[in-house]
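J.: Protein chains in written order, with the numbering used here: chain A, 475 to 826; chain B, 475 to 826; chain C, 475 to 826; chain D, 475 to 826.
Keep in mind that the hints were calculated from the coordinates and are not lab data. You may find that some hints are simply not true.
It does not matter which identical chain is used: a pair holds within one copy or between any two.
What the hints assert, rightly or not - Keeping only pairs whose Cα atoms sit at most 25 Å apart, straight-line, the calculated SDA-like set for lysine to any residue is:
(1) Lys666 - Gly503
(2) Lys511 - Asn476
(3) Lys511 - Val590
(4) Lys751 - Asp817
(5) Lys666 - Asp498
(6) Lys511 - Lys632
There are 4 protein chains.
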Amino acid sequence: MNFVSDNLAGASAPVMQAMAAANDGFAAGYGNDAWTKRVEGLFAELFEREVAVFLVTTGTAANSLALASLVHPWGAVLCHHEAHIAADECGAPEFFTGGAKIVGLPGDGCKLAPDVVADQLARMRAGAVHQVQPQLLSITQATECGLVYRPEEIAALKQAIAPRGLKLHMDGARFANAVAALGCSPAEITWKAGVDVLSFGGTKNGAFAAEAVIVFDSADAGQMPWRRKRAGHTLSKGRLIGAQFEGLLADGHWLDLARHANAMAARLASAVEAAGKLRLAWACEANEVFLVLPQQAQAALAAQGIQYIAWSDAALPEHGRLQQGEVVGRFVCSFATQAEEVDRLAAVLATL
Amino acid sequence: MNFVSDNLAGASAPVMQAMAAANDGFAAGYGNDAWTKRVEGLFAELFEREVAVFLVTTGTAANSLALASLVHPWGAVLCHHEAHIAADECGAPEFFTGGAKIVGLPGDGCKLAPDVVADQLARMRAGAVHQVQPQLLSITQATECGLVYRPEEIAALKQAIAPRGLKLHMDGARFANAVAALGCSPAEITWKAGVDVLSFGGTKNGAFAAEAVIVFDSADAGQMPWRRKRAGHTLSKGRLIGAQFEGLLADGHWLDLARHANAMAARLASAVEAAGKLRLAWACEANEVFLVLPQQAQAALAAQGIQYIAWSDAALPEHGRLQQGEVVGRFVCSFATQAEEVDRLAAVLATL
Amino acid sequence: MNFVSDNLAGASAPVMQAMAAANDGFAAGYGNDAWTKRVEGLFAELFEREVAVFLVTTGTAANSLALASLVHPWGAVLCHHEAHIAADECGAPEFFTGGAKIVGLPGDGCKLAPDVVADQLARMRAGAVHQVQPQLLSITQATECGLVYRPEEIAALKQAIAPRGLKLHMDGARFANAVAALGCSPAEITWKAGVDVLSFGGTKNGAFAAEAVIVFDSADAGQMPWRRKRAGHTLSKGRLIGAQFEGLLADGHWLDLARHANAMAARLASAVEAAGKLRLAWACEANEVFLVLPQQAQAALAAQGIQYIAWSDAALPEHGRLQQGEVVGRFVCSFATQAEEVDRLAAVLATL
Amino acid sequence: MNFVSDNLAGASAPVMQAMAAANDGFAAGYGNDAWTKRVEGLFAELFEREVAVFLVTTGTAANSLALASLVHPWGAVLCHHEAHIAADECGAPEFFTGGAKIVGLPGDGCKLAPDVVADQLARMRAGAVHQVQPQLLSITQATECGLVYRPEEIAALKQAIAPRGLKLHMDGARFANAVAALGCSPAEITWKAGVDVLSFGGTKNGAFAAEAVIVFDSADAGQMPWRRKRAGHTLSKGRLIGAQFEGLLADGHWLDLARHANAMAARLASAVEAAGKLRLAWACEANEVFLVLPQQAQAALAAQGIQYIAWSDAALPEHGRLQQGEVVGRFVCSFATQAEEVDRLAAVLATL
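Pulled out of the complex, with its shape left as it was, chain A reads as follows (with noise of 0.2 Å):
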């Protein structure tokens, strides 16, 4: 049982087969076939009005290119200190920015309070050429610790970044599991609440190697061709990617496979609580669930060969901290979970 992380199962049956079916014949290359341009027409009946869309095959490489695109060298992106672009992608906002700096702030389960973000606005100095100047908000929806900003909460990081001018860039490595636990439309909680630049996830959600960067204003796209392209991210046989949105996409599949995803989690974690033997360290909003793991239930993990990660417990509040001997244990929860599995895990750490 591997709840590791929703990126080791491979794609969901609908989007292999999407991707078996785009075999056939020839196809424009980079991203000129008309799988990418179905794609294109998909998202912007998604967001519900026009959008820039570029396909790459990694998540990083999403996020670096629309930082860099928004973003000059000596520019500094506001972020949360454990989010993916600060933490996880070995520098490659740096690489592909120039150099400019990733300002890590702190905040809860990885959540960013507008307080906090306007706190470090004031303590930039705008105009000062020894400093670099803050060009960009990014946040991650869901979080690295699995909560949901809430429309009116990224509206809020919204006003609190628009004095000075900056961009909002959402990471949407797990988009699909927020949609899915907010219920609401992909636009309210991206256009409608101030994002100007999506790194819209595929791959944590069914694809094999799918994320688009969702542009809301054309005007911020003019650079995109150009350093997706210098980045190697350019696909010649682009409908690889194209076809694997396509099969996400089609009626609503991307949500069904989250709803999916989401409910394992939900029927773990209220297994857990029902149990009442071990804490969540945060509130499971979408699809996963941070456990407080002592030894005995590691050593109980370990025995049943139950495989999951030693989470950073850098985001845990004040009043939350870890004791002696404690872990936050991740388990992610994919559109391949199956509840019996789920069960059995449960089960397991019923029997503490």
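Since the structure of chain A is already known, use the hints to place chains B, C and D on it.
T.: Below, chains B, C and D alone, put in the same frame as chain A:
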């Protein structure tokens, strides 16, 4: 009928099947999966030695990562002025290397001669801080004009750069076609002839998006894992590329595909020569035919809806310069090209 | 009266004379002149060993070149979060290194403790491709809060980083003040304590624009000539910097200047302490005095036209936090500061 | 006798005096001093319009900052293949621009012709993501072979690039010599002829280390303050450069120096032509004389201890190619060159 490029068809049936077969179950992420591990073994077998293998999805990424690992920002890369790295990658090598200089050299048919390389090196002062320092020679196999370097030609180039300590990179976007054409072993035209690092192309030869950087001396590979990750080219579901290569390398499938493509090109070239109406811009040595097309021929092809592209004439030999109205037409054959298509094209060309 | 910074006076008289004296006749370009060569010898003497010396005009250039020579683009530099390289150079280290990450650590008075460094290293996984790799620790001597590292403190930091193989860089913008304060030899607080590369500051200590990167192991210096040239920091008339350093280093002039500046600061600190009206934010160990200024004091200073700057309170110890209305005022003494000026300032502060 | 370069003498006496005079008292840091402010006014006067002025210490920095402010990382800069930015700055433009491509074009005497530029542009596809996009043309005034662009020649180049929207940069390392030679106003050969940004050289014309980037349209200057700081080129004691320029610009001193240097070169060229023993590689239009030197002449010069450098023959016209044993010798005159030195050199050359 589409002779525009060998990257317009999808994947060969066995490759597509390998991808589909790889879709089941969980697999370790970021290239630690079983497919990738097996492919590393297959490459070691293919090259008859230990090699370090780094899978990526595009040739631009493969080339740029290879260069960046071996060249300082103040280094220079020598190559043909029409080489893909110099002319078709939007400055990706400059991006990945941190601004190294790509120095373009002349050569008929995009082939470099040792004396041209040596002359260039003689013009670059060793140790002078005012000039970038030559650190790598990159050759393309087969060349952008469809010509093939023989093992002894490669060895002679290595000899030309050895006194200055340059590394030798081979852009093998059409490596399979070259191996098939030469009938030699992969080892013979790579490390045995002095190649230090190879971009082994899969995408133009039946894969969807699969390229491998093959590093022959592990001492040259140390930077690659970080450079790849940092460029967003480390796929979380790495088996997507691994499976493609497993499909390609199994049972010599990659060579079968290349032999077919070469045979189709040879069939076209022979027919053209037999008809005696058009001249070849360069000899047909691999899977591409370059024809000098007078206006009448261009019109006839357009009338028949036959697709090809007008190619640069910059690597034509002195005695082969174009006349007024002529263009060089590039006709590329791939694994998917049918003999009947070739014959129909040949028939059109024969009736001019 | 101006206590804003030690870079607001011009050059000391002997330095200015050395510059004027260097103006005659022709001299070899680009650092091959006699002045630069002599200065290289003087530094070797000063540090009691062979050193590689690279002269530049700014501290930002010195620091950034030093870092870039020793850190990969995917490397991380540990330093205090208020260090000049982290907070005051507009991302120059990121620019020169190709996007390495500057990781800011806490520490009272901008001094780093070995356990803080070791804890940070423990959180950075060695060999993981998802994270940047720590490759260098940079400390500032004297610190941005005017404190001084003793030889054994530096050695302890070196010990903390040794297991992970990090290099140790010292930003010595106020190196002279530290040496004067400690009464030790330059060797003792640099290479003998584990420093690999030093930015030796001249500009804040009586030069006009003269900084030297001192590399103690020549194996670490190989990239510098190209990196410096490529950054536009190789002056054609290099004697302009060479002469300044010759003026500074002759007859211990640099130490005389620093001793004077330190004495002026000590005079001010003593007077403040004697008056008992204001508290020092940090101990006065070199040439800077940081005072906690209530609003009344700020008003009195403004009324007297006494210039200083409000300094960051981010490196204050827990027990020293500011009260409402207070600021930290930085008063810097330089070679040009007069005792009467100090006394007048002290008098103003004593009458609060 | 040293004719190697115009950067081997120190500063002219008035410039040195201006530096010494600037040494008194405190001054605001980082270019906010009175000298820099006055120099900004002097440049506005000189160019008969508002200009944005950025002082730096080297020509490489001036050129690279100018380029980086106007060219994207995926942009291309067109220039002569022997231009300083292409051949003598160790890739600094690539470093500062984040990897833009420097595209070298041919031209006798390092002068570019409009049709050569237009032909190159025609070969670069607008909007194609596979290729870097031309964004700037850089010309050198006077050229690396000592030739001068006339206002109408500059205007014609501007016309050639206007349809593609390229900016026009002038590397004016020897701008003073060109103005002196042409007898025109600085405005006439810069913004009135279409130049957008100028590297105004001081160092080769009597300063110690003083260059100015002059931006004619303030909309082009927005990035400069950050790019300069981030490159370590914002001197804290900025008056060091400001004073040099004040010395140079006062009372037309800069033009007097250039006229003298030009006159010395003309004296040498006339003498050589009168003697009829040697041919000039290119016409003497500014302060440099390029002579085709047979082996006998090389030996005679060596015997007399006369220093010059062998120059590239790559920009010789077809009809002027070197014979076996010949080299191009470059003899540069500066403000410090004496008539007697010229005459002694001429005498040596006349006796061959």
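J.: Each of the hints needs a verdict: does it hold here or not?
T.: Structure-based check of each hint:
For the homomeric pair Lys666 and Gly503, neither the shortest alpha-carbon distance inside one copy (34 Å) nor that between copies (35 Å) is at most 25 Å. Taking the closest pair of Cα atoms, Lys511 and Asn476 come within 25 Å of each other only across two copies (20 Å); inside a single copy the shortest separation is 36 Å, beyond that limit. Neither within a single protomer nor between protomers do Lys511 and Val590 lie at most 25 Å apart by alpha-carbon distance, with minima of 41 Å and 39 Å respectively. Taking the shortest Cα distances, Lys751 and Asp817 sit within 25 Å of each other inside one copy (15 Å), while across copies they are farther apart (69 Å).
Neither within a single protomer nor between protomers do Lys666 and Asp498 lie at most 25 Å apart by alpha-carbon distance, with minima of 39 Å and 39 Å respectively. Taking the shortest Cα distances, Lys511 and Lys632 never come within 25 Å of each other, neither inside one copy (31 Å) nor across copies (39 Å).
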